Amino acid sequence: MSIAIRFDNISKQYRLGFVSTKTLSHDLNRWWQTSVRGKEDPYLKIGEVNNRATKGVSEYVWALRDINFEVEQGDVLGIIGKNGAGKSTLLKILSKVTSPTTGSIKAKGRIASLLEVGTGFHPEMTGRENIFMNGAIMGMTKKEISRKLDEIVDFSGVERYLDTPVKRYSSGMTVRLGFAIAAHLDPEILVVDEVLAVGDAEFQKKAIGKMQDVSKGEGRTVLFVSHNMAAVKNLCKTGILLKDGSVQFSGQISDVVDQYLSDETTKGIVNNFWDFENAPGMEKIRVKSAYVQHKGNYLTVKDEFDIVTEFWNLEEGFPVNVSMHLYDINGQCVYNVFTENKPLQKGLHKAVFHIPANLMNDGIYYVNNMFVSKSASYFNHEHAHSFEILEDRGLSDWHGKWRGVIRPTFITNEYSFIESI
Amino acid sequence: MFIVEDKTEQWDTEIKPRNGLFDVNLKEIWRYRDLLSLFVKRDIITQYKQTILGPAWFVIQPILTTIMFMVVFGGIAGIKTGTVPQALFYLAGITMWNYFADCLNKTSNTFTTNAAIFGKVYFPRLIVPLSVVGSNLVRFGIQMALFVVVYLFYDIFMNAHVAPNRYICLFPLLLLMLAGLALGFGILISSMTTKYRDLTILFGFIVQLWMYATPIIYPLSRMSEEKQWIMTLNPLTSIIETFKYGVLGEGIFNWWSLAYSFGFMLVLLCIGIVVFNKVQKSFMDTV
Numbered sequence: 001m002s003i004a005i006r007f008d009n010i011s012k013q014y015r016l017g018f019v020s021t022k023t024l025s026h027d028l029n030r031w032w033q034t035s036v037r038g039k040e041d042p043y044l045k046i047g048e049v050n051n052r053a054t055k056g057v058s059e060y061v062w063a064l065r066d067i068n069f070e071v072e073q074g075d076v077l078g079i080i081g082k083n084g085a086g087k088s089t090l091l092k093i094l095s096k097v098t099s100p101t102t103g104s105i106k107a108k109g110r111i112a113s114l115l116e117v118g119t120g121f122h123p124e125m126t127g128r129e130n131i132f133m134n135g136a137i138m139g140m141t142k143k144e145i146s147r148k149l150d151e152i153v154d155f156s157g158v159e160r161y162l163d164t165p166v167k168r169y170s171s172g173m174t175v176r177l178g179f180a181i182a183a184h185l186d187p188e189i190l191v192v193d194e195v196l197a198v199g200d201a202e203f204q205k206k207a208i209g210k211m212q213d214v215s216k217g218e219g220r221t222v223l224f225v226s227h228n229m230a231a232v233k234n235l236c237k238t239g240i241l242l243k244d245g246s247v248q249f250s251g252q253i254s255d256v257v258d259q260y261l262s263d264e265t266t267k268g269i270v271n272n273f274w275d276f277e278n279a280p281g282m283e284k285i286r287v288k289s290a291y292v293q294h295k296g297n298y299l300t301v302k303d304e305f306d307i308v309t310e311f312w313n314l315e316e317g318f319p320v321n322v323s324m325h326l327y328d329i330n331g332q333c334v335y336n337v338f339t340e341n342k343p344l345q346k347g348l349h350k351a352v353f354h355i356p357a358n359l360m361n362d363g364i365y366y367v368n369n370m371f372v373s374k375s376a377s378y379f380n381h382e383h384a385h386s387f388e389i390l391e392d393r394g395l396s397d398w399h400g401k402w403r404g405v406i407r408p409t410f411i412t413n414e415y416s417f418i419e420s421i
Numbered sequence: 001m002f003i004v005e006d007k008t009e010q011w012d013t014e015i016k017p018r019n020g021l022f023d024v025n026l027k028e029i030w031r032y033r034d035l036l037s038l039f040v041k042r043d044i045i046t047q048y049k050q051t052i053l054g055p056a057w058f059v060i061q062p063i064l065t066t067i068m069f070m071v072v073f074g075g076i077a078g079i080k081t082g083t084v085p086q087a088l089f090y091l092a093g094i095t096m097w098n099y100f101a102d103c104l105n106k107t108s109n110t111f112t113t114n115a116a117i118f119g120k121v122y123f124p125r126l127i128v129p130l131s132v133v134g135s136n137l138v139r140f141g142i143q144m145a146l147f148v149v150v151y152l153f154y155d156i157f158m159n160a161h162v163a164p165n166r167y168i169c170l171f172p173l174l175l176l177m178l179a180g181l182a183l184g185f186g187i188l189i190s191s192m193t194t195k196y197r198d199l200t201i202l203f204g205f206i207v208q209l210w211m212y213a214t215p216i217i218y219p220l221s222r223m224s225e226e227k228q229w230i231m232t233l234n235p236l237t238s239i240i241e242t243f244k245y246g247v248l249g250e251g252i253f254n255w256w257s258l259a260y261s262f263g264f265m266l267v268l269l270c271i272g273i274v275v276f277n278k279v280q281k282s283f284m285d286t287v
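Quick note, the sequences are listed as chains A and B, same order. So in the working numbering, spot 110 of the first sequence is number 110, and the numbers just go up one at a time. So in the working numbering, spot 45 of the second sequence is number 45, and the numbers just go up one at a time.
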C-alpha cells in the first residue's frame, strides 16, 4: 500500500495573551535577530508543552510538537484526544487555514475538510446558488458542480427548497445541504470533524454510510476526528492519540481507544481511602474506604463490577446495615440496596454490592452509603465515591446518547408475524 | 518514528511553514477563477436585496454629491472649473474617484471582514479583493451611464463647451490603473491592519483627505507650475486629469506623468501582493 499523507515533524507555536505593544517590540527584536544578525529566532527556543491545566511561565506554547505519522491510502484514521490536545490545530494546518511553525505535510491528491459544513453559505442566496458558491470555495469548478448537482440535491433531500433563499431553511436542512456538497467533492483525502454531532438518526446513517463508501469503495483516505468513541471504533481501522500536542500512542484503533479510555477514566473513577484518624463517621462507625472494583483499566456498560465500602465498628454488638444509594449525574436515585441488619462485632467490616454486567447505562454515577441502625439513619456518608461507566455499543448506525436511567439486557422480547393484510 | 526519505515518491500537495517572499501562486488563482466569478455574482445579487430603491442608490449618491459640490465649492468658494459646466466637471471627477474609493475601502478590510470564512476553509485569499474590484465595476458602469446622460444633455440642449478628443481612447487604461491602484493600496492596508488594528482609523482618515489632494473639485491648471509638479506625485492626479482632458477637453495631459502613475501602480501591486501573500499564511493566528 502506498502512503497517502505524511506528517513530518509538524509543530505549531502560539503566543498567549493579548496582542499588545509588546508584539511590536517582539516583532522588531525578532526581525533584528533573524534578518540583520542572521541568528536563530529567539522566540522559537522558548515555549512549553501545552498543558492548559497548569499555569505556565512562558508566553509561548506549543500547540503541536513534532507530530510524525503516515496514513496509507484507503485507510480510515481516527484522531482522538481530549479537548486541547491539539486536534483542531492539526486539522487547521491540514486544511491550510493556518501554517505550521516547523515541519511539513506531504499528500497525494486533493485534501478536503468537513470542518464546518456550509461554510460561506450566504443567507440571501438560494440553495442552488449556494451549492455552486460553496462548491467553488472548496475548490470545485462550475463544470464539476453542474455534473454533480443532481446527486448533491438528491443526497441532501432539499429538492423542494432548491430555489428558496437559505435563510428560510431549517438548521437541519442547512447542515444536510452543506454535508451533501462536501461529500461530493471527491477529494483523495477527506478530513471529517464531528459531523456526527448534528442531524437526526437518518442523516447520521447516511453520512456514515457515505464515509464508508468513500474509504472502502473508492479507495480514498479519511481522517476522522471525534470524541465519540463508539463512532471512532466503528469507522476507523487505525488511530492516533494526541496528548498535550504530541502523539502519545498510535496503532490499531481498538488499542488506541483502550489507551485513551484508561487514561481518561482514571479521572472518571474516584475511589476513596482514609486513615483511621481522618476517617469520616460517627462515634461508633468510621469509614475506611469506598470504591468500585472491576477488571481492566476502565468500566463499560458490558462490565460487571462491585461497589465496596469498608468500615470500622467501634461498639461490640452494634446493630447496623449499609444502605447503598446509587445516584446518576442528575441526582436521580437509580436504586437503593442494603445489607442484612444484624449486630456486628467490634472490628473492620466490608460491604460488597455485586452489580451485574448489562444493567447500567453509560454515564457518571456517585454513591451515598447510609449506615442504618434500628430503621433510623445513624450516619449518612454522602458522595462516598463516584465512577464513570463508558459506552460500548459494538456495531451500530446510531451514535447518539443511549437513553434511559438503566440499560438492562435481561428484558427479553418477542417479535413475530401475526397475519397478512 | 523513523521515516525513510524516498525521492521517487510523487507528492501533489505540500504544506510547509512559510513560503518564500515571492512565491505567489498565480496558477492557483487561475484554478479558482470560477470562485472569483461567483463572488462577483454574489456581491451584485445580495447588495440590494431587501432595499426599497435598489440600484437607484448608485445614481442618487453622485447626483447629490455633485449638487453639494456646486453649492459649496462652485458657489460659496467660487472655484472656477474652466470652460466646462460645473456639473459635468464635478460629476466626471466623482465618478472616477468613487470607483477608486469604493474598491479601496472594501479591499482594505479583506481580512477582518472575512475572518470567519478564512478561518474554516482555504482558497487563494487574493480572490476576495479581486472580486471586490470586479463587482464594483457594475456600480461604476451605472454611474458612468449617468455621466454619459448628463454629458449628452449638456452637449445637445445646453450647447455647452465640451471638446472630447482622441485621448478618450485611453479610458480603458485609466480604469485599469484605478483598479490596480485601489487593489494595491487595499491589500497592503488590509495586510497591515490584521496585526495593528489602530491603523484602520489612520487609513480611513487618509483616504478621506486624499480626495482633496486629487484634482476632483478643482482643475490642476489653476495651480502654479511647482505645485502642479508636487500634485502629480499623487498617482491619481494624472489619471483624473487625463480622463477630464480626453472627455471634456479640460485638463492637463502629459505622457510622462501618466507613465509615472502606471509604474507606480505596477510597483505598488507587486509589493501589495507579496505582503498580502505573506500575511495570509499567518493571519489566522493574529487576527
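No wet-lab data here; the hints were simulated from the structure. Just so you know, not all the hints are guaranteed correct.
[Unchecked claim] Per the computed footprint, the stretches of chain A lying under chain B, defined by three or more beta-carbons under 8 angstroms from a beta-carbon of chain B, are:
hint, region
1, 87-101
2, 273-281
[As the list claims (entries may be wrong)] Computed spacing ranges between beta-carbons, pair by pair:
hint, chain 1, residue 1, chain 2, residue 2, range
3, B, Pro-172, A, Glu-124, 40 to 48 angstroms
4, A, Ser-88, B, Asp-198, 28 to 36 angstroms
5, A, Asn-297, B, Ser-282, 38 to 46 angstroms
6, A, Asp-275, B, Ile-117, 55 to 63 angstroms
7, B, Lys-49, A, Ile-418, 30 to 38 angstroms
8, B, Lys-49, A, Ser-2, 18 to 26 angstroms
9, A, Trp-32, B, Ile-117, 50 to 58 angstroms
This structure is a prediction, so every number in the text was calculated from the model and none was measured. Note that beta-carbon positions come from the ideal geometry of N, C-alpha and C, so glycine has one too.
Now the hints, each set against the structure:
no. : hint                                      : verdict
1   : 87-101                                    : holds (count 10)
2   : 273-281                                   : violated (count 0)
3   : B:Pro-172 / A:Glu-124: 40 to 48 angstroms : violated (32 angstroms)
4   : A:Ser-88 / B:Asp-198: 28 to 36 angstroms  : holds (30 angstroms)
5   : A:Asn-297 / B:Ser-282: 38 to 46 angstroms : holds (42 angstroms)
6   : A:Asp-275 / B:Ile-117: 55 to 63 angstroms : holds (60 angstroms)
7   : B:Lys-49 / A:Ile-418: 30 to 38 angstroms  : violated (58 angstroms)
8   : B:Lys-49 / A:Ser-2: 18 to 26 angstroms    : violated (49 angstroms)
9   : A:Trp-32 / B:Ile-117: 50 to 58 angstroms  : violated (35 angstroms)
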